[in-house]
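*Asks:* In order, the protein sequences belong to chains S and H.
The numbering of the first sequence is my numbering, which starts it at 1 and goes up by one.
The numbering of the second sequence is my numbering, which starts it at 155 and goes up by one.
Careful: at least some of the hints might be erroneous.
To be verified - Okay, the calculated bits of chain H under chain S, using three or more residues with CB under 8 angstroms as the criterion:
1) 652-663
2) 932-943
Stated by the list, open to error - If the Cβ cut is set under 7 angstroms, some of the chain H residues that face chain S in the computed set are:
3) Leu359
4) Leu598
5) Gly846
6) Gly850
Everything labelled a hint here was simulated from the structure, so no lab data went into it.
Bear in mind that the values here come from a model prediction, so they are computed numbers and not experimental data.
Glycine included, C-beta positions come from ideal geometry on N, C-alpha and C.
In case you want the letters, here they are:
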Amino acid sequence: MSAIRAVVNGVEHEREVEPRVLLLDLLRAELGLTGTHSGCDDGVCGACTVLVDGAPVKSCLMLAVQADGAEVTTVEGLARDGGRSAVQEAFIAAGAVQCGYCTPGFVVAATALLERIPAPSDEQIREGLVGNLCRCGCYPQIRRAVRQAGEAPA
Amino acid sequence: MTATDERNWVGRRVPRQEDARLVTGTGTFADDVAPAGTLHTAILRSPHAHARIVSVDTARARAMPGVAAAIAGEEAKAHWSPLGANFEIPGMQLPTAYGLAVGKVVYEGEPVAAVAAESRYLAEDALEAIEVSYEPLEPVLEFDASDCGWADAGAARRPLVYDDWTDNVQFIWDFAFGDVAGAFEAADVVVRERVAVHRYGAMPLEPRAVVAEFDPGTRALTVRVSTQVPHQMRSQYARIFGLPESSIRVLAADVGGGYGAKGQADVDIIPILLSILTGRPVKWAETREEWLVGGPTGSRHYVHDGELALRADGTMLGLRDYVLADVGCDGAVRAIGLAALIVASNYNPGPYRIEAYEVHARAGVTNKSPYGAYRGYGKDIANQLIERLVDRAAAELGIDPLELRRRNLITDFPHEICTGPILESGSFAECLDLLEEKMDLPALRAEQERARAGGRHLGIGVVSTLEPSAGAIPMSIFSGFESATVRLHPDGTATALTGLQPIGQGIQTSYAQVVADCLGLTPDDVRVKWGDTESVPYGLGAFASRGATFGVSAAHKAASEVRRRLLVAAGTLLEAAPEDLDARDGHVAVRGAPAKRISIAEVARATYFLPGPYALLPGEPDQSLEATAVYTNPEVSWQPDEHGRLRIYPTHGSGAIGCLVEVDAETGQVAVQRIWYVHDAGRIINPAIAEGQMIGSSIQAFGGTMFEQDAYDDEGRVLTRTLSDYQVPNLLSVPEIEVFHIETPSPITPLGTKGLGEGGHIGIGAVLLSAVEDALRPFGAKVMDTPLTPDRVLALIDAER
Chain S
1 MSAIRAVVNG VEHEREVEPR VLLLDLLRAE LGLTGTHSGC DDGVCGACTV LVDGAPVKSC
61 LMLAVQADGA EVTTVEGLAR DGGRSAVQEA FIAAGAVQCG YCTPGFVVAA TALLERIPAP
121 SDEQIREGLV GNLCRCGCYP QIRRAVRQAG EAPA
Chain H
155 MTATDERNWV GRRVPRQEDA RLVTGTGTFA DDVAPAGTLH TAILRSPHAH ARIVSVDTAR
215 ARAMPGVAAA IAGEEAKAHW SPLGANFEIP GMQLPTAYGL AVGKVVYEGE PVAAVAAESR
275 YLAEDALEAI EVSYEPLEPV LEFDASDCGW ADAGAARRPL VYDDWTDNVQ FIWDFAFGDV
335 AGAFEAADVV VRERVAVHRY GAMPLEPRAV VAEFDPGTRA LTVRVSTQVP HQMRSQYARI
395 FGLPESSIRV LAADVGGGYG AKGQADVDII PILLSILTGR PVKWAETREE WLVGGPTGSR
455 HYVHDGELAL RADGTMLGLR DYVLADVGCD GAVRAIGLAA LIVASNYNPG PYRIEAYEVH
515 ARAGVTNKSP YGAYRGYGKD IANQLIERLV DRAAAELGID PLELRRRNLI TDFPHEICTG
575 PILESGSFAE CLDLLEEKMD LPALRAEQER ARAGGRHLGI GVVSTLEPSA GAIPMSIFSG
635 FESATVRLHP DGTATALTGL QPIGQGIQTS YAQVVADCLG LTPDDVRVKW GDTESVPYGL
695 GAFASRGATF GVSAAHKAAS EVRRRLLVAA GTLLEAAPED LDARDGHVAV RGAPAKRISI
755 AEVARATYFL PGPYALLPGE PDQSLEATAV YTNPEVSWQP DEHGRLRIYP THGSGAIGCL
815 VEVDAETGQV AVQRIWYVHD AGRIINPAIA EGQMIGSSIQ AFGGTMFEQD AYDDEGRVLT
875 RTLSDYQVPN LLSVPEIEVF HIETPSPITP LGTKGLGEGG HIGIGAVLLS AVEDALRPFG
935 AKVMDTPLTP DRVLALIDAE R
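Please work from the sequences and hints to get the whole structure.
*Replies:* So this is what it looks like as structure tokens:
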């Protein structure tokens, strides 16, 4: 067992974890943050995307112990007090959600993309989010959502 | 209420009620729930496609720390019955299959033993301590015409997949109508083609997940599961475990995609067994590799040998088809893909007037994973054949392909097609006209000419589509009704309970729109509930695009009865006749005298709470503002008529799809540049949701036709074990898709709605083949098979060079 300490969605947590436990499993099973989803186990689908020190990370490819000392933001932490972030609002407005399983990963990855490129071109959106899969095929609506969120006043 | 009334909620782009929880990660998918003391499942699966199980020893695993149970097939037999059949059509061969293999494994990935442990990590550790001895058998990897008696089998007869079967044919469907021989004799032209589609299928991003809680004291079972059909799952679990259905509760809140693939009780029953054995909650969360290797991932794999007879003027006279499908180890018990062949056989003639038709369909078993259902479900099989034959005939006859279609499209409605179903309304010709206009075909053709002159190969494809919706399969768990309860509460808000199951198709919002219109409320006043067999009426769930036909109509029927009583009650209070009243904007008002009104909340409160029976609803047998309704459709018949014809779908959408591709003749790479999709599914409840379905189904079919593939090695082992190997469309690979609606209401549903959501799947395969063939016209290559991967397209070009 290894002791880790991490700030998750603004709250400091200390846990004893087995070295082999994935960050994804720590978030879901230990911290009850079930908005982060498992879809492929191989870092392909992006449903488990979270921010680690501001950078998008596929939490199925990261061990919990690697997050020691880090600041982690999950989809639940993008907006506080039950509100919704501009990206979350844009996904609703653009009709970018069907089954919603991929949505948290997309929203987190889009948040990171917009942090890096505040008003991305269509090409930048396609390339920036190619690591997230939506099996329902909402891609045109997702592009629209990210474009709109990029244009929205901060 | 009429379609043109802009005060209605139906027809508007109402934002989805579902999304607030889904964008914030606060939905409830099955794996999100973990009751206190939950054990976790890991499943040991066969590494062989076909083998006898000599022995399994779980003793060491059972003794490991943290392991609560470890069990294999022979021992488990004492605790459950074989899986129940999803279809029991006479003449079908059904395997005896258990949740854990007994005696023999018939596909790689078949569950052999299972462990329940304190964590998933410990459960997987314990799998390594289970010892299994196999005697490998020759795998059956093909099913072809020789297995059907349509071609000489030669000396090499394949082994049997099931020792107690007579052959490897699981299902036979033969049907003929009209003078087929006469039609072919009278024909000026007969075109024949072999049209084949490779193995691919649904890939919901949420793998299967189950949380089973058996209470040993009361022998009650609660199962939270990612499913499209909670009520049928309860029925199946009851049979398999010998429990009363009334002691079982099935829960399905949010489901992370289904597309047809989550409609059976298969591996899902293993955690239930483990919960019964341990008396503790047990979870199974499937991995992606488990889905790819052992799930119902293959849902396409068929070959047509079809021929179409025409007169010189293009009139279609007759159609004949021999179609076979490789359904893996099973398409009827472990999974539900098999009946797609019945649907294909019913709709092979497409949207065309064809009065002589003959089909011979065979489903055969091989040592591959079970054959699941997937969007399209046979309507795609039908479209793929007829549309390729029509293109071939157009070339043969020298008639423009759109013109040939126009000469044969059904334009009079209702129209009984030769296989029995009634196309109740439609607009095939209008869809084609609008498509031609939106594509600007003359300009596209000119662009194609210029490109060819410059050595580039553009291709244009156009197909018509027929989209039957709300199907039901005779003698199966997929029947033809849906249920709803609507309750207007004393505070003027409403609850709608539906037996239909949301899996991403916007049920919550669209049903709220329908109920809001009936009761004079807003969609936000209506709370839609689903997915709990203890709280919603018995319903059949999500399959065959049945929501807007059956589900919506049931909700409308229940809400209309509540509306009737609401107006009676309001009439008592307002001293007006109910027929002079209207419910709108939260009030009941006298028509023509809008000042004379009362709030719906006031009426509802008074109805429930004013003293004395019959106070506001004098003489009414039902003294509350709650009604339950079941909707079915008289246009459906599961009893074969004197010609053996069935009507398994009541509603039928129309469509036309066009696309533009560019083929790189040096690399074989196909770039799909644009797709245009014109669609008519009757009255649309929420255009944004409808467009999501149209685009989504198009993107899925694009992926399947272009590059998705279940690949196997020579031993029947799966090669595509991750989403890196089995590639699905992403933001960079998807083409531009434009969608257009025509609305021809269905005359047989109360709101004029029809199901939708499969149209892209139905037509995209054929239109891509058509466009690539058009691009390769300078080489004279025929394009009749999928996938359209670069190596295969290059081989087509090289074969003609």
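*Asks:* Does each hint fit the structure? Answer for all of them.
*Replies:* These are the hints, each one checked on the structure:
Counting residues of the stretch 652-663 of chain H whose CB falls under 8 angstroms from any CB of chain S gives 4; the rule of at least 3 is met. Counting residues of the stretch 932-943 of chain H whose beta carbon lies closer than 8 angstroms to any beta carbon of chain S gives 0, which falls short of the minimum of three for the stated coverage. The closest approach between the C-beta of leucine 359(H) and any C-beta of chain S is roughly 4 angstroms, which is under the 7 angstroms cut-off, so the hint is satisfied. Given hint, leucine 598(H) at the interface with chain S, is violated; its Cβ is 21 angstroms from that chain's nearest Cβ, farther than 7 angstroms.
Interface restraint check for glycine 846(H): the shortest CB-CB distance to chain S comes to about 6 angstroms, inside 7 angstroms, so the restraint holds. At about 4 angstroms, the closest approach between the beta carbon of glycine 850(H) and any beta carbon in chain S falls short of 7 angstroms, and the interface hint on this residue holds.
Violated hints for the displayed structure, listed by number in ascending order: 2, 4.
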